[in-house]
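*Asks:* The residues making up each chain are set out below.
2 protein chains.
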Amino acid sequence: MGSDRAPKPEIEGAILAVRQYDVEVLLVGRKDELRAELRRHEGSFLPIEIVHAEEVIGMDEKAAHAVRTKRNSSMRVGLRLVREGRANGFVSAGNTGAAMAAAKMVLGTIPGVDRPALAAIFPTATSSASLMLDVGANVDVKPQNLEQFAIMGEVYYRTVFGVERPRVGILSIGEEESKGNELTRTAFTHLKQLPLQFIGNVEGRDLYNGNVDVIVCDGFTGNVALKVSEGLVQTVRSILKESLQATITRQFGYLLARSAFDDFKKRLDYSEYGGAPLLGVKGVAIVGHGSSNAHAIKNAVRVAAEIARNGIVQRIERELALTRTNNNSHHPAHTHSVE
Amino acid sequence: MGSDRAPKPEIEGAILAVRQYDVEVLLVGRKDELRAELRRHEGSFLPIEIVHAEEVIGMDEKAAHAVRTKRNSSMRVGLRLVREGRANGFVSAGNTGAAMAAAKMVLGTIPGVDRPALAAIFPTATSSASLMLDVGANVDVKPQNLEQFAIMGEVYYRTVFGVERPRVGILSIGEEESKGNELTRTAFTHLKQLPLQFIGNVEGRDLYNGNVDVIVCDGFTGNVALKVSEGLVQTVRSILKESLQATITRQFGYLLARSAFDDFKKRLDYSEYGGAPLLGVKGVAIVGHGSSNAHAIKNAVRVAAEIARNGIVQRIERELALTRTNNNSHHPAHTHSVE
Numbered sequence: 001m002g003s004d005r006a007p008k009p010e011i012e013g014a015i016l017a018v019r020q021y022d023v024e025v026l027l028v029g030r031k032d033e034l035r036a037e038l039r040r041h042e043g044s045f046l047p048i049e050i051v052h053a054e055e056v057i058g059m060d061e062k063a064a065h066a067v068r069t070k071r072n073s074s075m076r077v078g079l080r081l082v083r084e085g086r087a088n089g090f091v092s093a094g095n096t097g098a099a100m101a102a103a104k105m106v107l108g109t110i111p112g113v114d115r116p117a118l119a120a121i122f123p124t125a126t127s128s129a130s131l132m133l134d135v136g137a138n139v140d141v142k143p144q145n146l147e148q149f150a151i152m153g154e155v156y157y158r159t160v161f162g163v164e165r166p167r168v169g170i171l172s173i174g175e176e177e178s179k180g181n182e183l184t185r186t187a188f189t190h191l192k193q194l195p196l197q198f199i200g201n202v203e204g205r206d207l208y209n210g211n212v213d214v215i216v217c218d219g220f221t222g223n224v225a226l227k228v229s230e231g232l233v234q235t236v237r238s239i240l241k242e243s244l245q246a247t248i249t250r251q252f253g254y255l256l257a258r259s260a261f262d263d264f265k266k267r268l269d270y271s272e273y274g275g276a277p278l279l280g281v282k283g284v285a286i287v288g289h290g291s292s293n294a295h296a297i298k299n300a301v302r303v304a305a306e307i308a309r310n311g312i313v314q315r316i317e318r319e320l321a322l323t324r325t326n327n328n329s330h331h332p333a334h335t336h337s338v339e
Numbered sequence: 340m341g342s343d344r345a346p347k348p349e350i351e352g353a354i355l356a357v358r359q360y361d362v363e364v365l366l367v368g369r370k371d372e373l374r375a376e377l378r379r380h381e382g383s384f385l386p387i388e389i390v391h392a393e394e395v396i397g398m399d400e401k402a403a404h405a406v407r408t409k410r411n412s413s414m415r416v417g418l419r420l421v422r423e424g425r426a427n428g429f430v431s432a433g434n435t436g437a438a439m440a441a442a443k444m445v446l447g448t449i450p451g452v453d454r455p456a457l458a459a460i461f462p463t464a465t466s467s468a469s470l471m472l473d474v475g476a477n478v479d480v481k482p483q484n485l486e487q488f489a490i491m492g493e494v495y496y497r498t499v500f501g502v503e504r505p506r507v508g509i510l511s512i513g514e515e516e517s518k519g520n521e522l523t524r525t526a527f528t529h530l531k532q533l534p535l536q537f538i539g540n541v542e543g544r545d546l547y548n549g550n551v552d553v554i555v556c557d558g559f560t561g562n563v564a565l566k567v568s569e570g571l572v573q574t575v576r577s578i579l580k581e582s583l584q585a586t587i588t589r590q591f592g593y594l595l596a597r598s599a600f601d602d603f604k605k606r607l608d609y610s611e612y613g614g615a616p617l618l619g620v621k622g623v624a625i626v627g628h629g630s631s632n633a634h635a636i637k638n639a640v641r642v643a644a645e646i647a648r649n650g651i652v653q654r655i656e657r658e659l660a661l662t663r664t665n666n667n668s669h670h671p672a673h674t675h676s677v678e
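Chains as they are written, first to last, in the working numbering: chain P, 1 to 339; chain U, 340 to 678.
Hint data in this document are derived by calculation from the structure and do not stem from the laboratory.
Built from N, CA and C at the ideal position, the CB exists for glycine as well.
Mixed in with the good hints, there may be bad ones.
With the Cβ distance kept under 8 Å, some of the chain U side facing chain P (calculated, not the full set) [to be verified]:
1. Ile-512
2. His-529
3. Thr-560
4. Gly-570
5. Ser-577
6. Leu-595
7. Ser-598
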């Protein structure tokens with residue numbers, strides 16, 4: 001119920017998803033509104049069900065307060081379905097802060113995770129994608145948070161992309177161990193000791209060149225990197241469009257090469273990746289852009305289904321339990337808030 | 340002498356600059372090498388002079404140590420020319436850390452500046468450009484550093500782009516005052532009190548949409564934003580090229596629309612902006628990319644000349660002196676390392 005144009009894109013996205021993938025969708029929100037919107041789409045029986053939730057959390061509400069006070073918001077009701085095993089995953093394109101707070105509150109965090117992290121997927125110049133976390137769940141983080149992000153991201157990448165030994169790097173501003181800020185330098189010494197393929201520091205440009213699979217960073221830097229990318233892609237498109245319309249010859253050329261631009265747009269389109277999974281909570285939760293269209297919602301449902309089918313939450317739990325056992329000798333001061 | 344392919348692009352860039360702008364260039368480095376390279380270019384008398392410097396600081400050297408021990412590096416010799424008034428500005432495409440350390444050591448910092456900042460210019464979807472600082476001089480900064488960056492960036496933007504009241508924002512991850520990390524939240528309260536057009540927090544996407552003129556941030560985040568942008572532009576180009584070559588029709592379309600791509604490439608080309616000025620030192624110093632080509636060097640010379648002609652260093656000095664006087668009542672605990 002909470003996205004910029006809810007519930008239109010959610011319902012259209014749900015219809016696309018159940019037609020294209022082997023999934024069922026529960027739509028959570030005000031019954032009458034959802035039913036009215038759903039009726040506007042023709043078609044035979046679809047595996048879509050409505051679950052009523054009276055309240056809605058708006059985009060401009062204070063996240064923590066709204067989640068706490070609105071016990072019957074569509075977010076909390078939807079997440080309860082996951083906790084109770086009635087749904088395998090949760091997708092929201094509403095208030096990001098509220099979705100994260102609600103997921104932490106309703107699902108709880110996996111033992112060994114101090115802070116869940118939002119993970120975003122980026123297209124690269126090669127055939128592979130890169131995964132960056134955190135892109136906005138935690139603004140001020142500690143080295144052990146980055147360590148946990150690395151473990152969670154590695155499990156996710158390995159499972160979803162089928163890469164046996166994903167390369168994990170720390171987002172910094174120079175490749176040498178000594179480069180970066182206090183956080184990255186300390187995290188470097190932690191990550192070196194983990195049983196994963198740690199390739200050291202990577203730089204902003206490595207997000208897009210295929211040199212690294214999993215990139216860890218604090219949520220402030222990650223969010224800036226994500227938004228800079230979104231803004232630049234938009235600017236690139238508008239500059240290109242402007243240039244291509246400037247003369248008749250160019251316009252004709254554009255017509256002929258049009259399918260190339262469609263390819264190009266598709267490869268850089270963030271809605272292809274649906275939404276960002278919140279890793280570290282005890283359940284599948286995907287947070288999408290407030291401006292998500294039906295295509296983005298459909299893809300977010302696909303991502304949620306993939307995570308659920310591959311048991312990524314359980315894998316992360318096992319991996320973290322292993323690391324904690326091995327780690328206790330190194331970092332006895334680790335704190336683990338088990339909810 | 341210190342760029343990836345020195346001194347070739349430097350010399351070609353210098354020749355382009357003296358032909359195109361009303362400037363004279365002093366080439367600083369090993370006399371024999373420079374003379375040999377210069378001879379390879381035909382042409383009549385050019386206002387280019389060679390100043391000998393025996394030592395070179397390499398890309399992989401530890402910046403601070405190299406600057407301290409190599410008293411006759413081309414960097415230190417070049418910067419001494421500025422300090423002594425024999426040159427109006429200094430341009431280097433060598434080791435960035437060393438260039439910044441050398442500039443601070445040889446030129447000293449302007450009274451009221453605790454930390455000089457590297458400023459980068461970004462193209463936007465509108466006709467204006469945006470200026471971001473710091474993009475790499477300081478990884479861990481304090482709120483009063485961001486305050487000084489704001490003042491320096493505002494003076495620079497106002498003077499170079501002729502905008503009377505540039506809009507100044509803090510790079511954060513949400514527009515509300517409460518959004519961001521500890522640094523940005525405290526800096527927000529400082530910037531509100533400055534006599535400039537402070538528009539509050541801006542987000543990564545605002546770098547490219549023309550909503551803000553001057554963006555302040557710590558050098559870690561700024562460097563990531565810059566490198567993410569460079570990487571994405573490169574990826575965009577290679578994806579587009581690949582798409583356009585996939586079929587004959589597309590190739591033909593590309594031929595017709597080719598000039599549009601040249602426009603497009605030019606607008607996104609970082610070498611158009613030359614290099615990043617280091618603001619806050621007592622003199623004009625421009626730091627370019629190690630991979631700078633002749634075009635980038637030429638533009639860096641142009642930027643250096645613009646800063647010198649407009650007396651930006653002196654303007655920053657005046658503006659900071661004013662702010663310090665006004666500020667002493669607000670922030671008596673400010674420390675100012677005057678060198």
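*Asks:* Take the hints in turn and mark each one as holding or not.
*Replies:* Structure-based check of all given hints:
no., hint, result
1, Ile-512, "4 Å, holds"
2, His-529, "18 Å, violated"
3, Thr-560, "6 Å, holds"
4, Gly-570, "3 Å, holds"
5, Ser-577, "5 Å, holds"
6, Leu-595, "3 Å, holds"
7, Ser-598, "7 Å, holds"
Checked against the numbered hints above, the structure breaks only hint 2 and satisfies the rest.
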